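Enquirer: If you're matching them up, the sequences are chains Z and G in order. For what it's worth, my numbering labels the leading residue of the first sequence as 1, then goes sequentially. For what it's worth, my numbering labels the leading residue of the second sequence as 1, then goes sequentially.
A portion of the hints provided could be inaccurate.
Here are the computed lysine-lysine pairs in the DSS-like style, where the Cα-Cα straight-line distance is at most 30 angstroms [claimed, not checked]:
no., chain 1, residue 1, chain 2, residue 2
1, G, K250, Z, K13
2, G, K250, Z, K6
3, G, K62, Z, K296
These are computed hints drawn from the structure, not numbers from a lab. None of these values were measured; they are calculated from a predicted model.
There are 2 protein chains.
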Amino acid sequence: MSMQWKQARRAEKMNPSVIREILKVTDKPGIISFAGGLPSPQTFPIPEFAAACAKVLGEDGKAALQYAASEGFGPLREQVAASLPWKVDANQVLITTGSQQCLDLVAKILIDEGSRILVETPTYLGALQAFTPMEPEVVSVKSDDEGIDVADLKAKFSKDGKDARFLYVLPNFQNPTGRTMSEARRAALSAAAQEIGLPIIEDNPYGELWFDQPPPLPLTARNPDGCVYHGSFSKVLAPGLRLGFLVAPKALYPKLLQAKQAADLHTPSFNQRVASEVLQGDFLSRHVPMIRALYKSQRDAMLVALAREMPVTPGNPDKSVTWNSPDGGMFLWARLPADMSAVELLPKAVDKNVAFVPGSPFYADNADPRTLRLSFVTASVAQINIGIKALADTIKEAMVKEA
Amino acid sequence: MSMQWKQARRAEKMNPSVIREILKVTDKPGIISFAGGLPSPQTFPIPEFAAACAKVLGEDGKAALQYAASEGFGPLREQVAASLPWKVDANQVLITTGSQQCLDLVAKILIDEGSRILVETPTYLGALQAFTPMEPEVVSVKSDDEGIDVADLKAKFSKDGKDARFLYVLPNFQNPTGRTMSEARRAALSAAAQEIGLPIIEDNPYGELWFDQPPPLPLTARNPDGCVYHGSFSKVLAPGLRLGFLVAPKALYPKLLQAKQAADLHTPSFNQRVASEVLQGDFLSRHVPMIRALYKSQRDAMLVALAREMPVTPGNPDKSVTWNSPDGGMFLWARLPADMSAVELLPKAVDKNVAFVPGSPFYADNADPRTLRLSFVTASVAQINIGIKALADTIKEAMVKEA
Numbered sequence: 001m002s003m004q005w006k007q008a009r010r011a012e013k014m015n016p017s018v019i020r021e022i023l024k025v026t027d028k029p030g031i032i033s034f035a036g037g038l039p040s041p042q043t044f045p046i047p048e049f050a051a052a053c054a055k056v057l058g059e060d061g062k063a064a065l066q067y068a069a070s071e072g073f074g075p076l077r078e079q080v081a082a083s084l085p086w087k088v089d090a091n092q093v094l095i096t097t098g099s100q101q102c103l104d105l106v107a108k109i110l111i112d113e114g115s116r117i118l119v120e121t122p123t124y125l126g127a128l129q130a131f132t133p134m135e136p137e138v139v140s141v142k143s144d145d146e147g148i149d150v151a152d153l154k155a156k157f158s159k160d161g162k163d164a165r166f167l168y169v170l171p172n173f174q175n176p177t178g179r180t181m182s183e184a185r186r187a188a189l190s191a192a193a194q195e196i197g198l199p200i201i202e203d204n205p206y207g208e209l210w211f212d213q214p215p216p217l218p219l220t221a222r223n224p225d226g227c228v229y230h231g232s233f234s235k236v237l238a239p240g241l242r243l244g245f246l247v248a249p250k251a252l253y254p255k256l257l258q259a260k261q262a263a264d265l266h267t268p269s270f271n272q273r274v275a276s277e278v279l280q281g282d283f284l285s286r287h288v289p290m291i292r293a294l295y296k297s298q299r300d301a302m303l304v305a306l307a308r309e310m311p312v313t314p315g316n317p318d319k320s321v322t323w324n325s326p327d328g329g330m331f332l333w334a335r336l337p338a339d340m341s342a343v344e345l346l347p348k349a350v351d352k353n354v355a356f357v358p359g360s361p362f363y364a365d366n367a368d369p370r371t372l373r374l375s376f377v378t379a380s381v382a383q384i385n386i387g388i389k390a391l392a393d394t395i396k397e398a399m400v401k402e403a
Numbered sequence: 001m002s003m004q005w006k007q008a009r010r011a012e013k014m015n016p017s018v019i020r021e022i023l024k025v026t027d028k029p030g031i032i033s034f035a036g037g038l039p040s041p042q043t044f045p046i047p048e049f050a051a052a053c054a055k056v057l058g059e060d061g062k063a064a065l066q067y068a069a070s071e072g073f074g075p076l077r078e079q080v081a082a083s084l085p086w087k088v089d090a091n092q093v094l095i096t097t098g099s100q101q102c103l104d105l106v107a108k109i110l111i112d113e114g115s116r117i118l119v120e121t122p123t124y125l126g127a128l129q130a131f132t133p134m135e136p137e138v139v140s141v142k143s144d145d146e147g148i149d150v151a152d153l154k155a156k157f158s159k160d161g162k163d164a165r166f167l168y169v170l171p172n173f174q175n176p177t178g179r180t181m182s183e184a185r186r187a188a189l190s191a192a193a194q195e196i197g198l199p200i201i202e203d204n205p206y207g208e209l210w211f212d213q214p215p216p217l218p219l220t221a222r223n224p225d226g227c228v229y230h231g232s233f234s235k236v237l238a239p240g241l242r243l244g245f246l247v248a249p250k251a252l253y254p255k256l257l258q259a260k261q262a263a264d265l266h267t268p269s270f271n272q273r274v275a276s277e278v279l280q281g282d283f284l285s286r287h288v289p290m291i292r293a294l295y296k297s298q299r300d301a302m303l304v305a306l307a308r309e310m311p312v313t314p315g316n317p318d319k320s321v322t323w324n325s326p327d328g329g330m331f332l333w334a335r336l337p338a339d340m341s342a343v344e345l346l347p348k349a350v351d352k353n354v355a356f357v358p359g360s361p362f363y364a365d366n367a368d369p370r371t372l373r374l375s376f377v378t379a380s381v382a383q384i385n386i387g388i389k390a391l392a393d394t395i396k397e398a399m400v401k402e403a
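Put together the whole structure using the sequences plus the hints.
Expert: Structural data, given as structure tokens:
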């Protein structure tokens with residue numbers, strides 16, 4: 001008989017990445033893409049990596065290529081602990097295969113089928129994809145330019161006697177919106193979470209990429225026992241190594257470690273040693289300011305181009321394109337005039353050789369179809385100018401047809 | 001209030017790795033360890049890796065350090081497809097973060113809570129750990145020196161109207177037993193699986209490590225649409241890169257790919273390019289024979305030492321230590337005299353500076369407490385001679401006390 005592969009219920013719930021499908025239509029030679037979340041490759045410290053690979057293989061090749069502890073490479077765990085702005089015991093640090101893996105591990109440990117979990121509006125799509133296989137009920141909490149609406153959080157914490165398992169937040173230069181949670185909002189959120197007993201999963205891949213001043217203290221620093229903190233080397237070194245980490249309270253660490261071991265035994269020991277070597281001598285304190293300056297200049301270029309090109313009717317956001325001005329990170333969030341859909345706009349933009357990501361896939365529920373995400377870090381300033389003009393032209397043509 | 005971390009039900013089912021706990025007692029300076037499953041580091045091609053790292057970073061650094069496709073690096077997928085002994089479309093190859101990750105992805109896609117899955121007796125512990133979080137009912141199928149008992153497989157395929165989702169098998173130089181499934185057994189198993197419609201997950205990390213002749217054709221080669229095949233570079237190149245792969249039928253590949261993307265976005269692009277570079281020019285055809293010769297000489301040394309040292313009462317396995325003679329791989333399987341327990345023996349052996357892994361954790365049910373696993377690849381021949389004598393002395397002393 002022909003083979004019947006009966007798939008798990010969760011497999012049916014997993015949908016192809018909408019962004020992945022979207023990016024297929026944007027995969028066209030010569031296109032200017034604001035779509036991907038790719039760090040600028042000119043920031044990758046290639047000579048430092050080459051030197052570190054040679055040193056690690058020359059001095060420690062046998063250990064670097066052997067199986068290793070699931071917790072991660074000791075010196076790298078120490079470096080991570082020392083880099084964080086609160087007192088962290090290196091024993092609470094778990095090195096992961098990119099910070100995406102943190103989401104997978106947390107989902108396995110904290111989500112049962114039907115568990116209530118809370119997310120921002122909108123939220124990081126990769127988190128929704130990592131949580132979905134564990135079959136939670138994902139609930140969006142109202143959010144504004146400063147982050148989570150604390151009153152709505154309290155209202156949505158519990159339903160039918162079922163408390164939320166956790167709140168997932170990305171407070172610094174969020175993906176997709178670029179927004180940052182203010183100090184006042186962090187203080188209120190941290191107090192509310194402790195009051196109602198709501199654990200927080202804090203994701204911070206972009207926190208080092210600030211332009212004028214560092215963001216406020218992480219939520220985890222305010223209540224380490226009530227939070228799991230996720231960090232990444234993808235934006236300060238390079239994503240191709242797949243190195244991230246989490247910091248977990250003692251109550252959770254052993255189970256996260258077991259999940260890590262079952263998932264891939266350990267993160268590549270070679271990569272961990274190479275990164276640890278590159279980080280020696282406070283490398284990031286010299287390297288990251290260069291990334292900040294570059295990304296800030298590109299954000300500025302995009303803001304100038306948007307102001308110059310986009311159709312705006314003062315005082316009437318429904319007849320305007322609107323956008324925010326992120327204080328760091330890689331993304332900017334824009335909104336089309338009323339009755340327009342970013343998903344429908346995309347193929348027309350691609351016809352004019354420019355691409356973006358529609359905002360809808362980033363919403364757990366009640367998506368705003370007018371929203372879109374623009375990355376300002378992958379394209380050059382010259383491309384930003386050409387691309388934003390092409391996008392504005394696309395929008396103007398669509399507005400004429402609508403009218 | 002103090003933070004209440006409510007964990008998922010699956011977290012409670014996940015137990016600390018028994019082996020991990022066992023290895024803690026064996027972590028003692030100067031101990032001769034037959035416990036770990038560590039490839040001999042003298043087989044790692046360090047100069048080739050160093051040259052490949054320099055070349056990849058020099059010629060392609062920006063791409064090698066950037067985000068990449070979840071499917072894996074195209075040329076490496078082609079190299080994998082070309083290396084397998086049946087016609088494989090590279091589009092059906094998914095590069096994974098070690099072959100351990102294949103188990104995690106398969107578990108997510110194929111196991112619901114309570115799903116019946118079948119395994120060998122005993123089976124690879126890491127597979128049990130990867131399957132457990134998805135909460136299956138794991139059922140052991142009787143197995144002998146040639147592998148799975150096909151009659152018992154048919155008997156256990158279905159219960160209460162619930163068919164098994166899959167059979168997990170490791171046919172070549174199995175971990176933990178070192179045994180290899182014979183050609184006749186493979187033919188019978190493949191026919192039976194197709195007859196009853198039972199999918200097979202075939203794990204083959206050790207297949208290249210044969211001593212005198214290659215093992216019979218994989219089960220997947222006999223029925224590619226009914227099998228997922230897992231392979232690894234850990235034993236032919238080095239484990240510290242965490243590079244594995246799976247080959248899946250078209251019916252399953254898209255869901256496995258989505259699970260991969262959610263798990264860690266992609267396997268490190270740098271590592272994939274470095275491995276692909278090392279593999280150029282048919283490197284493995286020169287490199288692997290050296291590993292085979294080394295491991296064969298170490299197996300031979302262990303067999304000689306066992307025959308010389310171990311207490312044996314001819315014709316009476318209950319008053320003897322017995323062991324097998326694997327045709328390849330890294331492990332040998334031994335059994336203590338009646339009424340002895342390998343778990344209880346271990347601390348006594350550690351007192352004599354020798355370590356092994358008790359067999360019990362490798363059984364999904366009805367463990368045989370007399371069994372133990374001996375790795376012959378990590379210790380040198382001189383250490384094997386000393387260690388096997390120390391182990392034999394430990395057993396003889398325990399036998400005297402028993403008597």
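Enquirer: Would you pick out the hints that fail for this structure and give their numbers low to high?
Expert: Of the numbered hints given earlier, the structure breaks none, since each of them holds.
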